[in-house]
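So the protein lines, in turn, are chains A and B.
Whatever position you read off the first sequence (first residue = 1), add 1353 for the working numbering.
Whatever position you read off the second sequence (first residue = 1), add 138 for the working numbering.
Hints are computed from structural coordinates only; laboratory data are not their basis.
Some clues are possibly wrong.
[To be verified] Here are some of the chain B residues that sit facing chain A, going by a computed Cβ distance under 8 Å:
1) A158
2) T165
3) Y188
4) M189
5) E217
6) V244
7) K247
8) L263
9) G275
10) V276
11) A283
12) E284
13) L321
14) V326
[Unchecked claim] Simulated pairs of lysine-lysine, PhoX-like, Cα-Cα distance not exceeding 25 Å:
15) B:K247 to A:K1415
16) A:K1483 to A:K1533
17) A:K1415 to B:K181
18) B:K181 to B:K191
19) B:K247 to B:K181
20) A:K1485 to A:K1533
We put the CB at the ideal spot given by N, CA and C, even for glycine.
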Amino acid sequence: MNGGQDLGGVHGLGPIDPEADEPVFHAEWERTAFALTMAMGFYGLWNIDKSRHAREAIHPAKYMTSSYYHIWTDGLIRLMLDAGLVVPGEVHLGRQEVAPRDLHRGPVTAGEVAGILGRGGPADRPLDAKPKFRPSSKVRAVRMNPTGHTRLPRYLRGCEGEIVSHHGGHVFPDTNAHGKGENPQHLYTVRFAARELWGDKAPANDCMHADLWESYLVQA
Amino acid sequence: MRVKALESLLVEKGYVEPAALDELIETYETRVGPRNGAAVVAKAWADAAYMQKLRTDATSAIADLGFIGRQGEHMVALENTDDTHNMVVCTLCSCYPWPVLGLPPVWYKSPPYRSRAVSDPRGVLDEFGVHLPESVGVKVWDSTAEVRYLVIPQRPGGTDGWTEDQLATLVTRNSMIGTGLALKPGQVKP
């Protein structure tokens, strides 16, 4: 979706202003927001693509002016409401009003955390279809403007690039975010000249890369 | 506070266990961070065979040092050279290689960096105090899928014969994102 999250090339957002010796968390509530998001994700009721979509669906004005753990918290609440884990009144008051949903298992314990994090969530999947492109193939990113989730940013759409590498089959976020299946596709790293994306004033030597699924690309 | 209320609710409903929340926080606050990535870079500088493995299969080379799992399932190493400088961003969210760098700093997740890293990387580098000659090409990597990138900065001069532990002190978090360079021997804080 062309939401507040699709930031590549946006102007006027101010200096980067990195903080010296920045701590991992700035406040207790950030620790809690992080841990709750992780712990609730462990149930597998939603996947990483659905989580990202829940965050990018926040109003753009709010998205661009919120700290990241606020965005995560908003996203988590949206996911839990959708999954029927909580009702709005409960979120407002912080107290139970309806019985918990039976998740057929207890909460993740402290002892299980390291194993879950270590296993991670690999996104590669076996794929019978042969890849359409190979390294050095010239490709063009398609023009599209889906209202749902996509990982093809606006600044690349319609632009021509070259395949740098092929990563095999990967879960396709555009369907996986919407409960329509993993539908793995070949994933490629594609290089775009800075001038192709940003015009003649861009340095001739510079380039941008993105990891793009096969259906985002056509032969150039 | 809204997050505190949310925590109380989720504990009351039996969805989360407080000890597990503490374990998650402690993991990323004390155990997983850029020291991991610095060990990878130092080994790559010191050991040509390891550097070669990083080039061909970074996920397994990094796993050899025990850094595995969430947000590092599919790793690629990007080697800076005399004529190439690599820089990593996630314009669409906050994708970052957790097992080697820990959780991302605020600026990495914020609109100013995410918007300009792709459209004006040299301006961004200037803001970080990195001034590159035109002859050095800047390669930006937008983490749009589940592939995660680790920049291998150039090894500074004057470090011949240094051990991996000594070399690791020169490797900053920003040098592994590409918004910094490795420190020179005289720049290390005691």
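Point to revise | Structure-inconsistent hints, enumerated in ascending order | key: Of the numbered hints given earlier, those the structure breaks are 3, 4, 5, 8, 13, 14, 17, 19, listed in rising order.
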